[in-house]
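Asks: The primary structure of each chain is shown beneath.
There are 2 protein chains.
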Amino acid sequence: MNFYSKLTSPYFKKHAAKIEQALDRFLPKPSQHLSKIHEAMRYSVLNGGKRIRPLLCLAVSDMLGGDPKEALIPACAIELIHAYSLVHDDLPCMDNDELRRGQPTCHKKFGEAIALLAGDALLTQAFHLLGELRDSKKVHRLLTRLALAAGTFGMVGGQVMDLFAAGRDLDLPALDAIHIQKTGQMIKISCLAGAIVAGADPKTEAHILKFGEYLGFAFQIVDDILDADGYLRLMSAHEAREKAREAIAKAKRALKGFDQNLHLIQMTDFVLDRGRDRN
Amino acid sequence: MNFYSKLTSPYFKKHAAKIEQALDRFLPKPSQHLSKIHEAMRYSVLNGGKRIRPLLCLAVSDMLGGDPKEALIPACAIELIHAYSLVHDDLPCMDNDELRRGQPTCHKKFGEAIALLAGDALLTQAFHLLGELRDSKKVHRLLTRLALAAGTFGMVGGQVMDLFAAGRDLDLPALDAIHIQKTGQMIKISCLAGAIVAGADPKTEAHILKFGEYLGFAFQIVDDILDADGYLRLMSAHEAREKAREAIAKAKRALKGFDQNLHLIQMTDFVLDRGRDRN
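Protein chains in written order, with my numbering: chain G, 223 to 501; chain Z, 223 to 501.
Looking at chain G on its own, in the form it has when it is part of the complex (with noise of 0.2 Å):
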């Protein structure tokens, strides 16, 4: 069985078509006066991604018996948070971006004024999602957590540091710190959300944070291991991946207390030897 076919399991299946219709769902339609910015929204966010900070929401939300409809909801609005920041990311005064999974970047289809009010506008539906859930105590964790993990204490925060190491020779610690913070924390917090919707005690939490916190540091190897890029400028491609299936042994080691830990564990899998359409 290649990885490919585990997210394409029917567990897999079920839940990516339940996230397409929910995103579309949650997404703004294109309007009389407001029919470009909603739909660049649409166009950044319902492009083809494979979800993978979603699945992670859901499949540690099923773990601990939570609702998968409530779950949908942070789940949607970590992914709507990873929207926006590919498109700020594409934009000229970043990457510069032309091409994002085969098609023009936002800013190339729509322009760069638009881009960027599309993007600033996902940031600001995914808080407004939150909010759709009945249970405050619920809402008021999820947006502390996921504004942390998506600030300058979290993703924001990487892309600075990433900005600033362009060009640089950096050491192992420095770029650790880099990728924690720019792919880690929204890794960590797609776990993190599925355990607090499904009302999760602390000590659970904190299982299921120890998880992500592994899992998105596998996430990250890997990710440079595609791009021939970071630890490989410190490492051998060989050594990278010794690294990474570290990383994920101990990711898997915070599941094993769990029942039902089964699509978890093929998530965990397909992190680590997803192939090169990444998201």
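Derived by calculation from the structure, the hints in this document are not laboratory data.
Just so it is clear, CB atoms sit at the ideal spot from N, CA and C, and this is done for glycine as well.
Don't take every hint at face value.
Straight line, CA to CA, 30 Å or less: simulated BS3-like cross-link-like pairs of lysine-lysine [to be verified]:
#1 G:Lys-359 x Z:Lys-359
#2 G:Lys-291 x Z:Lys-258
#3 G:Lys-359 x Z:Lys-240
#4 G:Lys-240 x Z:Lys-240
So the derived label-pair ranges between C-beta atoms look like this [said to hold, decoys possible]:
#5 G:Lys-425 x Z:Ala-239: 40 to 48 Å
#6 Z:Pro-326 x G:Asp-449: 33 to 41 Å
#7 G:Leu-456 x Z:Phe-386: 46 to 54 Å
#8 Z:Glu-261 x G:Asp-449: 27 to 35 Å
#9 G:Asp-289 x Z:Glu-261: 42 to 50 Å
#10 G:Leu-394 x Z:Glu-261: 21 to 29 Å
#11 G:Asp-289 x Z:Ala-471: 33 to 41 Å
#12 Z:Pro-326 x G:Leu-394: 13 to 21 Å
#13 G:Asp-289 x Z:Lys-359: 42 to 50 Å
#14 G:Asp-246 x Z:Lys-359: 26 to 34 Å
#15 Z:Phe-386 x G:Lys-236: 57 to 65 Å
#16 G:Arg-356 x Z:Gln-243: 31 to 39 Å
#17 G:Asp-319 x Z:Leu-484: 39 to 47 Å
#18 Z:Lys-251 x G:Lys-425: 28 to 36 Å
Sample of chain G residues with no beta-carbon within 12 Å of chain Z, all distances over it, derived [to be verified]:
#19 Lys-258
#20 Lys-331
#21 Lys-359
#22 Arg-363
#23 Leu-368
#24 Asp-391
#25 Asp-445
#26 Gly-452
#27 Leu-456
#28 Gly-479
#29 Phe-480
#30 Ile-487
#31 Leu-494
Following the hints, position chain Z against chain G.
Replies: What follows is chain Z alone, placed relative to chain G:
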């Protein structure tokens, strides 16, 4: 008594000082790896703004017997959102402004990439800040209303309409629609947030919403008079001022049932008569 002196009455002076302290406290400090982005955020917020939005939030909360310390949280969150919108608005792909309040704009001082990310981070930090309130029900309501006011059905939507309106002749209903979205919604939420954080009942909230709606409308007409733009292409300055005066009269009427409405009435007069260096 001129109107500048009105906002330097002891009441507003005290509140303005508290807002400055709170903004300073709620913004992350420059730290080892993140000094530039945190500096850029602070530069864009702690720039001598008049803090009309947070002052409105505090004045509404005070009128309704709310806790001033609690009210500072949504007040500052709204100011962070206002600041992010200015940073992104000033970028070359939008208005391409080099100066704001007589100082270099954020991207002129820190570069475009950092300005883009500083705006993103301010928006994220605004939502994070709401989580500092203890009462999850209030956090939930503020989150929902603030995200709605800041997104495509509010501020961002107004910016989009403004982009597409550039260079075109608008009729009065189209101009009103843009203004209500771009400026009015954030003025309205500033008032509503004061009511929510004070724990107002739905009937009181409805009065405050009405007040905020008229005030926001007047605010934008006065902006246009000061800029000799917008409404002044469709009517004389005298007519525009009459229109603003009417809206202000309606705003004041919405406050009629409330004792202790003096400070809010003063804010209302200030909006009508404020000078050129507005915020």
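Asks: Find the hints from earlier in the document that the structure breaks and name them by number, from lowest to highest.
Replies: Hint check: 2, 4, 11, 12, 13, 15, 17, 19, 21, 22, 23 fail, others pass.
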